[in-house]
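*Asks:* Following the hints, put chain R in place on chain H, whose structure we already have.
Chains as they are written, first to last, in our numbering: chain H, 1 to 99; chain R, 100 to 327.
Hints are computed from structural coordinates only; laboratory data are not their basis.
For glycine and all other residues, C-beta sits at the position ideal for the given N, C-alpha and C.
Among the hints, a few may not be true.
Some residues of chain R that are not near chain H, with every Cβ distance over 12 Å (derived) [claimed, not checked]:
hint, residue
1, Ser151
2, Ala183
3, Ala209
4, Ser215
5, Phe232
6, Ile252
7, Val257
8, Trp273
9, Gly309
Calculated lysine to aspartate or glutamate pairs in the DMTMM-like style (CA-CA distance at most 20 Å, straight line) [unchecked claim]:
hint, chain 1, residue 1, chain 2, residue 2
10, H, Lys95, H, Glu3
11, H, Lys95, H, Glu84
12, H, Lys36, R, Glu142
13, H, Lys51, H, Glu91
14, H, Lys51, H, Asp5
15, H, Lys95, R, Glu132
Some chain H residues well away from chain R (every beta-carbon gap over 12 Å; in silico) [claimed, not checked]:
hint, residue
16, Pro11
17, Glu53
18, Gly56
19, Arg67
20, Arg77
21, Glu78
22, Arg81
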Amino acid sequence: MTELDAVIHAPARLRVVATLAGLRGGDQIVFTRLQKVLGMTAGNLSTHLRKLEDAGYVAVEKSFEGRKPVTSIALTREGRRAFETYTASLEALLKGELP
Amino acid sequence: MPDRPDADLTDGAPAPEPLSDEPGGPSTASPAEALAAIRSSQESVRRQLQVSSTALFAAWGIAFLLAYTALYVGYDEIEQMPSAWALLVLAVCVVSAMAFTAIHIARRTAGIRGQSARVGAMYGWSWVFCFGFAMVIFGAVADAGAPPLAMSILTNAVSLLIVAALYMAGGALWQEWRMFALGAWFAVIGSIAAIVAPPNGYLVQAIAGGGGFLLAALAAVVVERRRS
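Okay, chain H solo, but in the shape it has when bound (with noise of 0.2 Å):
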């Protein structure tokens, strides 16, 4: 096995996806409510989700809702499984089965 994915481990962006793996599959989350969830300034959560974005984890959606402009952001499925694969890195570590 590789060592721990770098993008992911970052306590931030853990939080971040860790977070949207919780969002049932086909649904996403608008920026706002994302950021209140994770307690995350509006600048700080960007930047994550751009770094996330660019490692393809992470599918960043804008579209308007009448008027207002709206950012949805889901896991896309690349980062749904680099996820499971940190976890369960995370798993092995920690039963020792990594050195």
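*Replies:* Just chain R now, with coordinates in the frame of chain H:
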């Protein structure tokens, strides 16, 4: 931005910023700390973004218990139907439980878009249309000259039929076995209540129906505890 140690990983509280997790920075959380952070995020998702079956079952359990007890106690033997005050208690209980359900779901699912929002909306409209249809049936049957006792049995049985069918369908939809079991249970006690007939049928529903909801709420608490 000054760097900070990553100690805030261990608690579930909103992380203070700025966070020192720039690439190449010290992302030194131990596996145990990282797993704890994942667990706490999952717990906060459950608390903030997921509809709580426990809360809904408990609300409807109390509503059932109060409403059907009122219908039983307030049954007018001469008129062969529940008295006005008992029907008022029923209405207040149903409206309160409906309002609680709507507010709870709206709060928990605010900002969630996509598949489950569409599924939830369709499921919600199923209730509206089915009960609308039921009202039409009740009106038509009463107009056709059905006696009060027959009306009492019919209104109750049809309402429970809808609850049973939609709970079982909802259980299948969200793979929520407690909801499915509750639906099946309502089909059984609804049948018994129809045979026993008012007012004793109401007592059956107060105890078995309200009790069923409260038991399901209790089961949900036990399951949630075990999961966390």
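*Asks:* Please go over all the hints and tell whether each is borne out by the structure.
*Replies:* Structure-based check of all given hints:
{"no.": "1", "hint": "Ser151", "verdict": "holds (14 Å)"}
{"no.": "2", "hint": "Ala183", "verdict": "holds (45 Å)"}
{"no.": "3", "hint": "Ala209", "verdict": "violated (6 Å)"}
{"no.": "4", "hint": "Ser215", "verdict": "violated (5 Å)"}
{"no.": "5", "hint": "Phe232", "verdict": "holds (30 Å)"}
{"no.": "6", "hint": "Ile252", "verdict": "holds (40 Å)"}
{"no.": "7", "hint": "Val257", "verdict": "holds (33 Å)"}
{"no.": "8", "hint": "Trp273", "verdict": "violated (9 Å)"}
{"no.": "9", "hint": "Gly309", "verdict": "holds (30 Å)"}
{"no.": "10", "hint": "H:Lys95 x H:Glu3", "verdict": "holds (15 Å)"}
{"no.": "11", "hint": "H:Lys95 x H:Glu84", "verdict": "holds (17 Å)"}
{"no.": "12", "hint": "H:Lys36 x R:Glu142", "verdict": "holds (15 Å)"}
{"no.": "13", "hint": "H:Lys51 x H:Glu91", "verdict": "violated (25 Å)"}
{"no.": "14", "hint": "H:Lys51 x H:Asp5", "verdict": "holds (13 Å)"}
{"no.": "15", "hint": "H:Lys95 x R:Glu132", "verdict": "holds (14 Å)"}
{"no.": "16", "hint": "Pro11", "verdict": "violated (5 Å)"}
{"no.": "17", "hint": "Glu53", "verdict": "holds (15 Å)"}
{"no.": "18", "hint": "Gly56", "verdict": "holds (16 Å)"}
{"no.": "19", "hint": "Arg67", "verdict": "holds (17 Å)"}
{"no.": "20", "hint": "Arg77", "verdict": "holds (15 Å)"}
{"no.": "21", "hint": "Glu78", "verdict": "holds (18 Å)"}
{"no.": "22", "hint": "Arg81", "verdict": "holds (15 Å)"}
Consistency with the previously given hints fails for numbers 3, 4, 8, 13, 16, ordered from lowest to highest.
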